[in-house]
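J.: Each chain, letter by letter, is given below.
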Amino acid sequence: MFSMGRRDKAVTSHKFKDRIPGFVTEEGTKIDTRTFSLRGLDQLIQTLLDHGYQCIGPVVRDGVIAYDKVSSTADLPQGWTDEQSPGHYRLRKREDDACFGFVVGPHSWKRFLYPPERRLWQLQKQGQSFVRVGEPEVAPRYAFLGVKACELAAIGIQDQVLKDGPVPDPDYTQRRDNALIIAVNCTESAETCFCASMKTGPEAAGGFDLVLTEILEPKHAFVAQAGSERGREILDALQTAEASESQIESARAGIASAADGQTRTVDTDGLRELIERASESIHWGEIEERCLSCANCTLSCPTCFCSDVEDSTDLTGEHAERWRRWDSCFNRGFSFVAGGEIRHSTASRYRQWMTHKLSTWHDQFGSSGCVGCGRCITWCPVGIDITEEIQQFRLRDQL
Amino acid sequence: MRKPKLAVWKFASCDGCQLSLLDCEDELLAVAGAVEIANFPEASSAVVEGPYDVSLVEGSVTTPHDLERIVDIRAQSGLLITIGACATSGGIQALRNFADVREFTRAVYASPEFISTLETSTPIAEHVKVDFELRGCPINKYQLVELIGSFLNRRRANIPHHSVCVECKRKGNPCIPVSNGSICLGPVTHSGCGALCPSYNRGCFGCYGPKELANAESLAAWAKQELEADPATLKRVFHNFNAWASPFKEEGSSHG
Ligand code: SF4
Ligand code: SF4
Ligand code: SF4
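From first to last, the protein sequence lines are chains A and B. Mapping to the numbering used here: the first sequence position 282 is 282, numbers consecutive. Mapping to the numbering used here: the second sequence position 81 is 480, numbers consecutive.
Excised from the complex, chain A in its bound form (with noise of 0.2 Å):
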């Protein structure tokens, strides 16, 4: 069904091997655990820059928490949070300084792992042929700071398409290679959000090179773990204490509380074959008069990858420029093929997306295409909520 490809053997798509989550191992010893405090937290800042990182993280701007260049704790959205629900967001003020007490806003890092608009090659005619022309972009390095427990599973997925698969993209495997990931664990959700339910949060499971808890009691500060050598490394060129009792339990009791605190879920058992037996519901129809085909979902998911190759050429024809732009199967264009394009209604192109997401992802890449990060819901202008349309597949599947 799909070019890439059937790949049976099952693989997850977080399969991080790193360590185990928690604060102990399996076999019950303790994990070297460290804490500091807010300006801690700007040395952290600092270190970074001064390995040659470009800090990327949350900052509030434009009525979002978004992902941006950051160089000191100043920088991010201390004091805020993000309320959100379908097709509804609203930035709150909090009642505490937490500098991470948000979920996940419209950004994704995707954003920076693989750009929405990159140009992959020039060409000048000389003669009569076309030589290429132009510097190869050098790949950023990043530090990602504030990365939560389902965009790291995003992160993984996008991996696993991208980065592992048959056919490597060489820009996005030098960005991941060159990133150093710091990952903060949730300590509360938002109403959109279902990652317990996709089994890829709100814990961060490995995949980092740090993790830190941001603790409010008994007081603000960081418990910090390290899940590679280069975070151990940047760890221990840190002043930190070794984490209390009660600051470890402050962490664990913050990160239970995010995953109590989940309304939504999803009933992953057997959904993939759910998905797949509904191809010809009548729902995708009842869906069409809600969703508007704009592809706001797509673009905001974490795991989306899909982009359209253009190439162009300026008047005279003697220079050519070909640039890559992320794309969508909401998008018209999206589906032609020769003699045109094949998903003319917007039932078939939500029916594409659902059913490539939670169906047929697994057969190409292993595992399920969402996170249950709840992006898609908060950013679709007319709030079509995917957990509630997976509902209605269900009970439309007992009738």
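Derived by calculation from the structure, the hints in this document are not laboratory data. Fair warning: there could be bad hints in the mix.
[Said to hold, decoys possible] Derived pair list, reagent style DSS-like, types lysine-lysine, alpha-carbon separation capped at 30 Å:
1) A:Lys30 with A:Lys219
2) A:Lys125 with B:Lys402
3) A:Lys125 with B:Lys540
4) A:Lys69 with B:Lys570
5) A:Lys93 with B:Lys623
6) B:Lys570 with A:Lys163
7) B:Lys570 with B:Lys409
8) A:Lys93 with B:Lys570
A quick note: this is a predicted structure, and the numbers were derived from the prediction, not measured.
Fit chain B with the ligands to the known structure of chain A by using the hints.
T.: Okay, now just chain B with the ligands, sitting in the frame of chain A:
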């Protein structure tokens, strides 16, 4: 090789789209070098006789004279490309189509009896075959250069049909109906502007007209229910620069 002859024609319009071509500054010399500009009233009064390889037509059909002129231009043109909301949908002046035009002429002109005008303002494609419609109010000059470039180099033009939202998301704009409750036509509007208004925290006005599969009804239902838009607002939102283009036409009319 003979340079292709390009003509620019004006119908009922504000000239803004023609000006986009003049506004190309850097590219204009290249355009002038690549094509023979045979007729371009905003730039020069000299007119070169037809036929023309490419005609760019700005403006809508609003007078009996326009009806004759457009047929004549079509007959003299290889490719006929309409540019801008007036030419592709009837423009803001198509608001007359929902009212009695004689009332307008009486209100505006001292001697309305001298005004010879049609009841309606209509897009060029309602009268003659059009080879390509370049949307926008006004058009995007880079898209115009891209279109001319694609013609000159015999390749497909990179002018996508997706929503404004795609441009918004690539830019990293937060979606403003979601983040602050503004009404935004972006999800039902053809791209091309680079998400100009949402980038300045304003909802999209729909300058590029409806995108393919524009679900105006669902957008309006959401705006009414969740963003508390009243019928007058919804009517105004859809009956704007592209009021005569379906489904904006029908959606606007359904609200009061
Ligand atoms: S499908 Fe929706 S909830 Fe799932 S990962 Fe994508 S944006 Fe998040
Ligand atoms: S589900 Fe929502 S965000 Fe996605 S294409 Fe449809 S209307 Fe747009
Ligand atoms: S602000 Fe408007 S154009 Fe931009 S993504 Fe949201 S709905 Fe679409």
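J.: Would you mind marking each hint as holding or not holding in the structure?
T.: Going down the list of hints, with the structure as the test:
1. A:Lys30 with A:Lys219: holds, 22 Å
2. A:Lys125 with B:Lys402: holds, 20 Å
3. A:Lys125 with B:Lys540: Roughly 25 Å between the alpha carbons, so the hint for A:Lys125 and B:Lys540 holds.
4. A:Lys69 with B:Lys570: holds, 16 Å
5. A:Lys93 with B:Lys623: holds, 28 Å
6. B:Lys570 with A:Lys163: Given pair B:Lys570, A:Lys163 holds - Cα atoms ~24 Å apart, limit 30 Å.
7. B:Lys570 with B:Lys409: violated, 34 Å
8. A:Lys93 with B:Lys570: holds, 26 Å
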